[in-house]
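**Q** Here's the letter readout for the chains.
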Amino acid sequence: MKYVDEYRQADRVETVLDQIRETVRQPWVMMEICGGQTHAIVRHRLDRLLPDELELVHGPGCPVCVTPIEQIDRALAIAARPEVIFTSFGDMLRVPGTNTDLLSVRAAGGDVRVVYSPLDALTIAQANPNRQVVFFAIGFETTAPANAMCALQAARLGLDNFSLLVSHVRVPPAIEAILSAKGSRVQGFLAAGHVSAVMGYWEYPPLAERFQVPIVITGFEPLDLAWGILETVRMLEAGEVGVANAYQRAVTYQGNRPAQLVIDQVFEPCDRNWRGIGLIAGSGWRLRPAYASFDAELRFDVGPIRSAESEDCIAGRILQGLSKPTDCPAFGSACTPEHPLGATMVSSEGACAAYYRYRLNAPEPALLEERRA
Amino acid sequence: MTSPELTKISAGPTACCPLPLPHLSQIVLGHGSGGRMTQALIEATFYPELGNPLLLQRDDSAVIEMADGSRLALTTDAHIVSPLFFPGGDIGRLAVCGTVNDLAMVGAQPRWLTASFILEEGLPRQDLARIVGSMRAAADEAGVLLVAGDTKVAERGKCDGLFITTSGLGLIPADRQVNGGRAQPGDIVIVSGTLGDHGVAVLAARGDLAFESDLASDVAPLNDLVEAMFAAGAGIRVLRDPTRGGLTGSLHDICQQSGVGIEINESQLPIDPSVAAACEMLGFDPLYIANEGKLVAIVEPSEAPAILAAMQAHAYGKQARVIGSVTDVNGGRLVLRTSIGSRRALEPMSGEMLPRIC
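Chains S and C, in that order, give the protein sequences. Per numbering that gives the first Met the number 0: the first sequence = residues 0 to 372. Per numbering that gives the first Met the number 0: the second sequence = residues 0 to 357.
Read the hints as simulated data drawn from the structure, not as lab findings. Misleading hints may appear alongside valid ones.
[Said to hold, decoys possible] Computed footprint of chain C on chain S, listed as stretches where at least three residues anywhere in the stretch have a Cβ under 8 Å from a Cβ of chain C: (1) 6 to 20; (2) 39 to 46; (3) 100 to 107.
The beta-carbon is built from N, C-alpha and C at its ideal position, and this holds for glycine as well.
Let's have the full structure, built from the sequences with the hints guiding it.
**A** Structure below.
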């Protein structure tokens with residue numbers, strides 16, 4: 000496929016990997032912020048091809064994972080109402096709330112529908128004037144413009160049966176939180192290319208200056224990732240601080256201004272809870288008061304939400320050394336490094352991934368020998 | 000802001016992607032995905048009650064040995080698809096081909112089929128006539144007879160137009176030994192053509208995901224292709240039609256049944272550019288998407304060139320390719336050599352395939 004295959008060619012990737020090996024002199028820890036990048040790195044096993052000096056730490060940029068449990072519980076309560084058609088991006092359906100998930104709500108009779116574009120939710124609302132159509136507006140800056148456009152369109156069409164359950168999050172406050180944390184090991188960032196395509200990277204230079212780190216805008220294909228890593232290593236080795244763009248085919252400094260204006264028109268910053276992390280000040284977006292009539296939280300009174308993390312999620316316990324990966328019923332069956340269900344399996348240094356790799360007869364040792372030969 | 004937790008992020012993330020629920024109390028769509036959830040359901044509910052040596056062969060058809068030494072193959076399939084008509088076929092062609100192919104995958108020559116119809120009140124008669132007509136056409140093409148049937152009508156809203164269940168009986172020539180447990184290290188893995196066409200074509204025809212394509216389903220009876228392959232060489236050890244769960248599901252089953260590893264090469268996989276593009280956009284992987292007119296064959300290395308040539312000379316195998324080999328080094332795992340030269344495990348699908356957020 001054009002514009003994808005070119006960025007997955009072994010010889011081109013190997014050339015950049017060689018440059019990384021020539022450039023690196025000492026150990027460095029860098030974080031790819033975006034879950035899409037983590038997935039691409041693991042999917043192509045780029046982590047296995049990097050020199051041992053480089054440690055990739057995976058960031059919290061998985062919008063599905065960090066959507067707060069209380070907001071998922073609210074979604075579940077709304078979706079179960081008989082008058083509601085609840086629309087969502089597909090991968091939210093299997094994320095559990097306190098007691099259940101959207102797949103189960105659907106199986107029990109709730110009208111839960113997967114949409115690819117939020118604008119499809121508007122079409123459903125127009126086709127079902129006697130039903131209440133709710134769209135679960137989650138995600139980072141990447142999904143925010145289309146979700147904001149939904150509110151604008153709904154207002155223009157005068158739809159009174161459409162609303163948004165908003166749980167947007169923003170990348171720069173997360174980077175700031177990570178770097179502010181005591182004992183942070185992250186020395187450089189691969190910034191998320193898709194988010195930057197929308198937002199540009201004008202928000203990053205002050206962060207790079209304040210925390211004295213390189214931030215490199217990076218794409219998602221193996222070659223893009225290799226370029227981003229090379230530039231980060233080069234800056235680290237040279238002691239450079241600042242922002243570089245290794246994803247120039249998609250990202251400009253200003254970003255997509257019309258998209259930014261649409262976001263600004265509809266959403267305002269707010270504090271937001273990140274699942275598994277906690278509250279990060281100013282890290283979210285919510286609907287502005289002018290669009291409050293499209294706010295599903297105000298439209299549906301679902302009573303008090305009492306949320307509690309599921310006992311099934313033991314990633315936190317594993318990291319605290321309280322449990323072993325093999326205590327988890329999903330370990331090695333539903334949860335593997337290639338289809339990770341928990342951060343400890345996603346992370347190349349995570350306990351679950353290590354257990355999985357070394358306790359089964361994984362192919363990695365053979366690969367290592369091959370590379371050293 | 001809570002610094003202590005954030006400290007842990009930088010030391011190794013605590014941002015836990017919460018584990019999906021196991022869905023033990025009720026059936027969800029993922030139980031029909033053909034992946035791990037389907038397997039878990041079968042093993043938890045069906046095998047304990049109904050298990051017997053024939054059922055536990057775990058192949059596409061049960062192989063029954065008669066007193067005179069001859070062997071029968073018996074299989075059954077339920078078909079639900081929305082929409083009923085899609086580019087390249089319809090539920091009728093799907094029902095006949097699915098059962099014919101399950102028989103062919105144990106080396107059988109399919110002979111007789113039965114079909115049960117559950118019709119929804121309000122189904123247009125002309126739709127039914129069209130579907131039955133295409134069943135007839137597919138049966139003629141495959142050289143099978145539909146010899147018994149049943150019809151029931153469900154109240155409106157109780158089924159999606161119609162459901163069809165087909166069963167099939169075939170005869171296995173004496174010299175054929177084909178089952179999922181026969182793969183050996185060194186064997187060659189061949190697929191008969193492009194992967195993911197059926198699943199993506201049906202998805203596009205459904206119209207609820209915002210993309211259009213000119214893709215057609217590959218739904219086809221493969222028994223004649225299988226005959227051509229056996230005519231070219233007897234060294235066919237395993238045959239599978241990678242339907243639900245896709246190529247990954249089929250190869251994973253073979254690894255498990257044979258106790259071998261399989262390594263396939265990403266750069267050699269035949270994938271139509273439209274399928275690749277749709278999958279990139281939606282966050283799907285063609286290696287997990289259903290095919291209805293493709294097979295994967297594990298063959299002895301010495302006979303691989305002749306079998307491959309015979310496949311490529313057949314209408315349903317023109318794009319056949321060697322995609323990998325059977326190994327003894329991967330500990331019974333399915334491994335993908337990626338286009339950038341690294342290796343990764345390919346695991347079966349966990350649940351229902353869902354489009355990603357962005």
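**Q** Now look at each hint and say whether the structure bears it out.
**A** Okay, the hints, checked on the actual structure:
Counting residues of the segment 6 to 20 of chain S whose beta-carbon sits less than 8 Å from any beta-carbon of chain C gives 5, enough to reach three: the coverage restraint holds. Figure legend: the segment 39 to 46 of chain S, annotated as covered by chain C; annotation consistent (5 residues with Cβ-Cβ distances under 8 Å, at least 3 required). Counting residues of the segment 100 to 107 of chain S whose CB lies closer than 8 Å to any CB of chain C gives 6, so the stated coverage by that chain holds, three being the minimum.
In the structure shown, no violation is registered for any of the earlier numbered hints.
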